[in-house]
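Q: Chain by chain, the residues run as shown.
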Amino acid sequence: MPSNIEKCYQCGQCTSVCPMGEQEQTYKIRKFLQMEKLGIENEESIMTPFIFYCTTCYRCQDNCPQGVNIVDGVLEIRANAVHEGKMLDAHKKVAQMLMDYGHAVPNNTAGREKRLQLGLAEMPSTAQGSDDHLDEIRTLLHLTGFDRLIADEMPDMKVNEGLTLTKAGFDQPIAEESA
Amino acid sequence: MSELSLFLGCVAPNRYPGIEAATKKTFSKLAIELDDLLGASCCPAPGVFRSFDEETWLTLASRNIALSEKLDDDVLTICNGCYSTLKEAGDTLKKDPKLKETVNRNLIEIGHEFKGNHDVRHVIEYLYQDIGIERIKEMISKPLDLKVAVHYGCHLIRPLKEDGSELVNGNISFFDELVQATGATSVDYEDKMLCCGAGGGARTAILEATLKMTEKKLHNMADAQVDCIVNACPFCHLQFDSGQQDVNSRFRKNYSIPVLHYTQLLGLAMGYSADELGIGMNTTSTADLIKKIKD
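Respectively, the protein sequence lines represent chains A and B.
First residue of the first sequence? That's 533 in my numbering, and the numbers climb one at a time after it.
First residue of the second sequence? That's 55 in my numbering, and the numbers climb one at a time after it.
The shape of chain B in the complex, shown without the other chains (with noise of 0.2 Å):
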């Protein structure tokens, strides 16, 4: 039986379905289970909708997690922002009964209820802490000779710092070691855990002032020579994807490094094709990637 539906989000199905696909084939070879979360909405979105009307934001996403709660699931984001909403308005409704209760007031006008007897969790802290790295590297059939610049993302991390989550505590590299447990190398690059430049609604209210700090990004990956960018978020995969050509263009510059999503990079590990994976449908060529891994 299932104790994990998958929340999709809006970017990856709708932009990037190559992260669903690859999040559904690289679940069904560590044989668990997904549910899908019919009618699930946005989170919605944190740094937006959270700022435009906080009520709003914890009863949308209460419905949500309402969803996963109805098919006795967790709820498994592949997504930063999905986890940080989802996760801290869950948080905060579980410590707040007046809010809550609030939020049912709304939730039973549709017929759901927010009982708060559900966890939300990030699929990267999912497979490291619920799988673990041994059991990943047991599924690895076709080991990556591949040097990656790993971008965590801020909400990956921001949510685990509020749980008081020991993955957080001192040097962080849980997200390294699963990279590493593909046979990849998680390789070290100047100001690692800088913000790609997306978030908070900033994409969307000022590209060209993101852009700039992608084009920083950017520049300390390629100056660490990496063959891929592997981050855990699709925003920050829109971000540096479509944005390095938006970068390129605007500043004139001429960058050309492949954005995989975590799942994608385990499924090629585990011997999906990048085809399967919708790795081709990437704006910034992955060709020389996917020649690579075939050589």
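Looking at chain A on its own, in the form it has when it is part of the complex (with noise of 0.2 Å):
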């Protein structure tokens, strides 16, 4: 669903039932929405990592006087920084699993051997264990992007994680040069 957070007149009545704004100061759902409506985001940003603290939880959205998809809001402004290059390096990890094993949790040594004490077959009937349901699901990332939209991130995160994330930190985003 596309958002409408032009309707906000900022009455921050999402900041004051947000339990994440609770817990963390520089999380304020109001203020980002706000930025986002003025298009006064800009590389000195202070939303991201900020806007990446949301849990999805839904209680600003239920609460909003006016009927704003804040949520939805919230994974476009996400989408926009990721498309710049301001994906938070632990969520990078997460998405390499998701191209290496189709998971974002892959099995484990333990997991292995907690199945089997379970009688269930030790690989579950997923993705990791099978070549060829793995590729289509490398195909499928490469044909929408999502493979070059990491890639563009961390080029040698295998090869040398350390040294990547510092020569494409968080502040240079690599992507402003292909932009």
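Since the hints were derived computationally from the structure, they do not count as laboratory data.
Glycine included, each C-beta is placed from N, C-alpha and C at the ideal position.
Each hint can be trusted.
One side of the interface only, derived from the structure: several residues of chain A facing chain B at Cβ under 8 Å:
(1) P581
(2) Y585
(3) H635
(4) V637
(5) N639
Below, computed lysine to aspartate or glutamate pairings styled on DMTMM-like, alpha-carbon distance capped at 25 Å:
(6) K569(A) with E109(B)
(7) K560(A) with E262(B)
(8) K148(B) with E608(A)
(9) K270(B) with E554(A)
Now that you have both chains on their own, put them together as the hints suggest.
A: So this is what it looks like as structure tokens:
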């Protein structure tokens, strides 16, 4: 659903009910919506990384007197940030898991042992255990450009993660060069 | 003939396989066949991948649904995140022929097609709406004398709201009723509908802040003196179980509340042992709970 943040009149109800805002004072959803509305997000952004703090609990949206699809707005702001090369390092790793295993949380040694103890197959019947299915997923991720979205961020992640993350630091997104 | 395929997701089969085992056992007891969904991927996770790139999110989600459509099945999810992704992606594509065409242009390259002729279900609303409380009560051989903190989880409620379900009109009680059907008591506690803290990619990005939310929730549950937490989502399960130990070590707390997925609670009430349901495999000890059930 496209967001409708232009309907926001800045009452602040969203921030007042936000459980993340209660814990992290830097996460101010009302302020981020206004910045997005006015288009004042820029390279010196204060929205990233904080826009990624939202747990998408929808409490703000449920309490908005204007019926703003606030979480959809957050997702749009995030998507724009990601496409400008501002994906968080921790999220890049999750994205790479999807590319490598077809799963954000792939199976591991402890998982396999537990499965066997329960009388389940060592590997679940999911994509991770099948090269053919993994090929399908990687083909789709290539067709949608997701592989390039990730690759732009961290060309050498597997070779030398530390070096890459330093070079392609948060404030100097490589994506800017290709934009 | 089966009408449902079991969508496993990531966390249940790979971190808490007891939830997979419990789902298969309880459905077998209910005489409902579940097809395996061979080759299913990450749903993909709503908070993370949906906010990276919507086309990628829709495309992978529609592949998972298409796998189920090939079996002429509805999809059964055991995770709120998977439910949110698959239900909302499926409904979006059903309503938007242009988007559906875009997604199918990609899917056809790998021999699949999203038709949009099946639905996505969550185990909790499925048990409540299609099986019913009375039938579940009939299947209980070992009523549980437990005080339970029910945790619905945000992404069980949201897709139902989007769908206009009457389950979420006014006072929400369907999950509590399912818990009570096992003989257990669903205990009210402060801010019951509060998020566990994990969703939206926040656990990955800022673990410490998410644990503060979890701590608030654990505090309210402990105040209500419950025997266990019962959830409907392996990711909430992870945050309450593994996260509980992180909360204890980081914030110098001493919480010890066992965590069960509803299918595990139902399995106990149907007479399966805690071992068969993987209940002893949690990070936070379940020993006292298991002892209480045996006594």
